[in-house]
Amino acid sequence: MTETIHAEPRRRLSPRKRAQRWRLVQYAVLVVLVGLAISLANWSQILDAFFRPDLTWTTIEQGLPKAFYYTVTYTAGAFIYGLVVGTILALMKLSSVGPYRWLATAYIEFFRGLPAIIVFIAFSLLPLGIPGFRIPFPPYGTVWLALGIVGSAYIAETIRAGIQAVPRGQIEAARSLGMTAGQTMRKIALPQAFRIVLPPLTNELILLTKDSSLIFVIGITVEEFDLTYYGREIANNEANMTPLVVAGFAYLLITLPLSIIVRRMERSGAKAR
Amino acid sequence: MAEALVRINDLHKSFGDLHVLRGIDFEVGVREVVCVIGPSGSGKSTLLRCINLLETPESGQVFVDGEELTDPDCDIDTARRHIGMLFQSFNLFPHLTALENCMVAQTIVAGRGQSEASKVAMHNLERVGLGDKVHAYPAKLSGGQQQRVAIARALSMEPALMLFDEPTSALDPELVGDVLTVMRQLAEDGMTMLVVTHEMAFAREVADRVVFMDDGQIVEQGPPQDVIGNPRQERTRVFLKRVLDPTHVQPT
Ligand SMILES: Nc1ncnc2c1ncn2[C@@H]1O[C@H](COP(=O)(O)OP(=O)(O)O)[C@@H](O)[C@H]1O
Ligand SMILES: [Mg+2]
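Chains A and B, in that order, give the protein sequences.
By the count of this note's numbering, the first sequence reaches residue 332 at its end, each step adding exactly one.
By the count of this note's numbering, the second sequence reaches residue 669 at its end, each step adding exactly one.
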């Protein structure tokens, strides 16, 4: 009688042993999959199509820095535009004047609901649709405007959420010291909102960097190619994917550090609270 | 009570269907310390917040220093400079140091220069016993220290009247004393104070007058030894019994 009671739990594995065994199974599956990939794929063909060293070098040397420069400046300008317009829209959306709220809501919902590429196509068609119409400061004017309009709609919502995330007590404390609504917004609410929205804003910057690749539909000259346009152009000429892969990695040079910064900020933000 | 600094006439305030203040009449004299006590939800905070118009009353009048704040044409921002307000949750500005918390309104509202504002702020931080914490951010301060910075911040605007809404309710018990000591000192220095509190010992010792509120009305008021020591109204007695002897079980 007593023996059976003892024998029963002994046969079962402890949770720790079970977890160990399960991890072992996972590693085994991984090894099998990697083994299959190595033995079945035609590696020389893959390397030749995507990672040709000579083409890598040609891509870098023929104008990658310039294309990188254009991607950065296109994005940065649009982001600044988006920040300015987005902040104005956010304040409009929080306004006590109804028509301001409706206008801001209409703008935000319209441009957030559209595929970004539609906005870009519209801008490319503008000179055709309205003869004589030209946006100044080419190519930046058009790119910043098109990309900035898309960005501002998202940024407006982010900033509005940030302002509303500032606790009510902060506003009340400021107002009870005699600050006007405007002073409270500038000195108390916006600085705190800005800290709250810094991580999501950086995420918007990452998205905008990637969306900047859509400017190919606007039509720009060879001199003003961004990374995507440039990579595609060489890839077309060489009938090889390597230049596109190189251009892709150039994007990662921008987006990965930004992602790391976002994660840092989120971690320190969580600590501060 | 010689002259009234605060005068409230037939004040009513509702939130939707909830009639929170049902006709409040009362005065606070210059240099008087009035403690407001009463059960949770009785409208104490709302009354305080109506005095500096953080809440807009439906009807009735609020006069502070002879000026009618409930007049729609009153410049409420200017009026608020002379009414300090302390909150249960401190509400220090987290992006500013203790010193900057005490300076920001001085510079942008009162129009003082940096050096003068900084001098006033330092003086008031020392007054609340935090002369060594001037460069600390609120997150690095204890609750009691934060509330004292909030007092220094209000004092820096040289208020004629200070409103306290349960200033020690959010504090750990061992930190309550420091804040009450500062408030007692303020009262001795002649500050006019209206204090919502559950600290009966403080009310008994420091208040010139205690006001008991229930259900949006003033039920009874008078010197602390009367209202707390020997209440006339049954509702006051029931409330005090619960506050002073919280573990007591009513035999039914
Ligand atoms: N902003 C508000 N909106 C709706 N109801 C409120 C608001 N503020 C207070 N109340 C209600 O008014 C009543 C009185 O609240 P309050 O003045 O905070 O009471 P006390 O401070 O005495 O506990 C409560 O029932 C509360 O729920
Ligand atoms: Mg309250």
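Just so you know, these hints were derived from the structure itself, not from any lab.
Keep in mind the model is a prediction, meaning the values are calculated, not measured.
Each residue gets a CB set at the ideal place from its N, CA and C atoms; glycine is no exception.
Hints may contain errors.
[What the hints assert, rightly or not] Straight-line distance between alpha carbons at most 25 Å, and here's what the computed DSS-like set of lysine-lysine pairs gives:
hint : chain 1 : residue 1 : chain 2 : residue 2
1    : A       : 246       : A       : 125
2    : B       : 557       : A       : 246
3    : A       : 246       : B       : 550
[As the list claims (entries may be wrong)] Coverage of chain A stretches by chain B, computed from C-beta distances (three or more under 8 Å per stretch; other residues unrestricted):
hint : stretch
4    : 220-232
5    : 238-244
How the hints compare with the structure:
| no. | hint | in the structure |
| --- | --- | --- |
| 1 | A:246 x A:125 | 40 Å, violated |
| 2 | B:557 x A:246 | 21 Å, holds |
| 3 | A:246 x B:550 | 22 Å, holds |
| 4 | 220-232 | holds (count 5) |
| 5 | 238-244 | holds (count 3) |
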